[in-house]
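Could you slot chain B onto chain H? The hints should help.
Protein chains: 2
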Amino acid sequence: MDYFSGHLANLVTQLGRLPGIGTKTAQRLAFHILSMPPEQAESLAEAITEARANVRYCKTCCTLTDAEECPICSNPQRDHETIMVVETPRDLAAYEKTGRYNGVYHVLHGAISPMMGIGPEDIRMKELMRRLSGNVKEVIIATNSSLEGETTAMYLSKLIRPTGIKTTRIASGVPVGGDLEYIDEVTLMRALEGRTEL
Amino acid sequence: MDYFSGHLANLVTQLGRLPGIGTKTAQRLAFHILSMPPEQAESLAEAITEARANVRYCKTCCTLTDAEECPICSNPQRDHETIMVVETPRDLAAYEKTGRYNGVYHVLHGAISPMMGIGPEDIRMKELMRRLSGNVKEVIIATNSSLEGETTAMYLSKLIRPTGIKTTRIASGVPVGGDLEYIDEVTLMRALEGRTEL
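From first to last, the protein sequence lines are chains H and B.
If you number the first sequence the way our numbering does, the last residue is 199 and the count never jumps.
If you number the second sequence the way our numbering does, the last residue is 199 and the count never jumps.
Note that these hints are calculated values from the structure, not bench results.
Please read all numbers here as calculations on a predicted model, not as lab measurements.
Be careful, since some hints might not be right.
No copy labels: a pair is met if it fits in one copy or bridges any two.
[Stated by the list, open to error] Below, in silico cross-link-like pairs of lysine-lysine (BS3-like), each with a Cα-Cα straight-line distance of 27 Å or less:
1) K127 / K60
2) K60 / K25
3) K167 / K98
4) K25 / K98
The following block holds chain H by itself, in its conformation from the complex (with noise of 0.2 Å):
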């Protein structure tokens, strides 16, 4: 990339490392930096070092937040002694979008992933079960319904059992306006198991 200027050829090695961000994509978003106001490519810099430099993890929840704990967390509006388990921090962004949760979250970072060698202790699993010695009266299980999602699950449930709360795991099924024709195998017996009497 010599035709470009070192500054040029440097933000697009910087972009590209972006997960997503071809060169192709990282060359056109660098032009757009370049042809940004100033201020305006400084308040990206910015945000980055910012973010990079004081986000954290929640000291109950373990989402990633400013504070020691997370706005949820230090709500007392929010319903304590309801847990939903996620993956990620954007899974619990995707259920705090529905706006009709009101109980509180446990981030674990990740799932059991034994092909990966992701093992609970490699995921936020004993901060989840220090909470339940608290006052818990339901843990939703809220991981992805993958392979992955699917075994944290599962150890989780069993891990929770012996406390006597009370463990859920939210359904999984036919999406809303999906098309039968076009979904797997898979999920029309889960649809089928989980079915509802009308």
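What follows is chain B alone, placed relative to chain H:
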């Protein structure tokens, strides 16, 4: 997005301003940046600041570069009597990648677009005309094969004609590997009109 921390929400907002980056992608990128080693996040932020602060237009061909003159214009091995006119530095990069063009370039930074209110004075056309008073044998017009690119090519060729400098246009036709069946009629017509003897 108050379920995210302030710094994280700000990073997502800043990233989401980049072209082709929606909220979901911005979130994905933001979480990736948070999981990077701090020095890598720092390099990304620095690359943005440095590039925005130090990259300028080449005094000869108007491409983006670090120095007063770009590496191509300051290379005595290149044929400075052949100028290829392109719309953007990315187009220049595309031709450089072929490794088969040894002339120099002129970057217009846009194309004439009456629809968007972009006239000849809004792009680097004056700078090109100034170069033509020097020793120039051929001007190859390599603007895009779009309405704007064609308009610019027509306008340029009329402007250059009085100087007597040879003006050519890159060929338009069926792309290599292209399947006739799936190619639009305008391209097919162009390919027919531009046919060469075997």
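Identical-chain pair category, K25 with K98, by Cα at 27 Å: Result: close only across copies, 12 Å inter versus 32 Å intra.
Alpha-carbon proximity between K127 and K60, which holds within one copy, between copies, both or neither at 27 Å: within (13 Å within a copy, 62 Å between copies)
Intra- versus inter-subunit Cα pairing at 27 Å for K167 with K98: Within. Shortest intra-copy distance 25 Å satisfies the 27 Å Cα cut-off; inter-copy 61 Å does not.
Within, between, both or neither: K60, K25 at alpha-carbon 27 Å: between (40 Å within a copy, 26 Å between copies)
The structure agrees with every numbered hint stated previously.
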